[in-house]
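Enquirer: Residues 1 to 296 (the UniProt record's numbering) are what the sequence shown spells out, left to right.
Think of the hints as simulated: they come from the structure by calculation, not from any bench.
If a hint is listed, it holds; no wrong ones were tucked in.
The following label-pair restraints were derived from C-beta to C-beta distances:
1) 213 x 34: 37 to 47 Å
2) 51 x 202: 52 to 62 Å
3) 34 x 268: 44 to 54 Å
C-beta atoms are modelled at their ideal positions from N, C-alpha and C, and glycine is treated no differently.
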Amino acid sequence: MISQTERLKRLNQMLVERRDICCSEGSVDAFPAVLQKNFQMEYLGLIVCKQGEFQFTLNQKPFVAKAGETIFLYEAAIFCAGSCTADLRIDVLFYRINLIRDLLGSSVMAMHLYATLTPQPCYVWSTGEEEDIARYISLISRYRHTTNNPFDSHERKLLLLALTYRLCSIYSRRLMEENQVAGHKIDTFIQLIRLVERYYKQERGVAFYADKLCLSPKYLSALSKSVCGYTVQELVFRAIIRRSMLLLKNSNMTIQEISNEFHFPNASAFGTFFKKETGLSPLHYRCAEENSLSDM
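Use the sequences and the hints to build the structure in full.
Expert: In structure tokens, the structure reads:
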């Protein structure tokens with residue numbers, strides 16, 4: 001069992017090297033040196049305070065976190081840890097959302113939604129689920145040294161996915177508690193997401209979704225962009241690509257059959273679309289996935 005000093009040293013090294021996943025591998029009693037000065041976030045970050053308290057700044061604004069609270073950090077934020085009590089115990093996890101972005105469904109927009117629509121986002125929050133979040137961090141940290149095993153790598157991705165869904169559930173609950181802040185904008189976006197999930201296979205045009213919501217296409221795309229960072233058409237395209245990748249990897253369907261599922265005029269049109277969005281033709285993508293499986 002490694003000491004806290006060794007865990008802090010490892011966490012500091014991971015953050016300095018900007019690795020995709022940086023975790024404390026258990027509770028620590030201080031912050032690594034790199035986080036004790038302004039640190040530009042390139043991650044989603046979680047800090048669970050189990051004991052004691054500490055001060056920190058986020059984008060130059062001061063905050064205090066106490067036992068039983070979780071700190072939520074966003075990409076592009078500037079974090080700096082300050083003073084802390086002698087009895088401090090924290091669990092830390094920073095991870096890049098790009099690792100699992102292709103696995104996330106269109107409905108997983110709650111974290112960005114909350115940060116965008118709430119005038120004063122809650123960075124420090126007693127969720128009531130601190131123990132569960134800490135367990136996820138502990139499980140994810142177990143796979144840091146087993147990158148040569150592809151099964152461990154896949155399991156780690158699934159753990160990150162499960163944690164992200166848990167966070168979205170937490171944020172969705174808070175949005176419902178504070179729906180007066182976002183009001184009609186939240187309701188409209190949620191309705192849009194539901195429509196995309198229902199109709200994306202046959203309807204790719206913004207006008208269809210705008211008509212369903214009795215809004216102009218321009219207004220709806222602007223609203224979607226402001227809430228989640230994607231236009232309506234981008235949301236639809238992402239849904240098609242996610243499903244296409246799943247079928248190419250996990251089914252025996254031909255390219256023509258997959259093209260038919262999404263109502264493309266022919267396999268060539270689907271192939272052009274897929275390559276534009278991913279950089280690979282459907283056939284090359286399928287071959288690459290098969291080769292990666294054969295290497296296991």
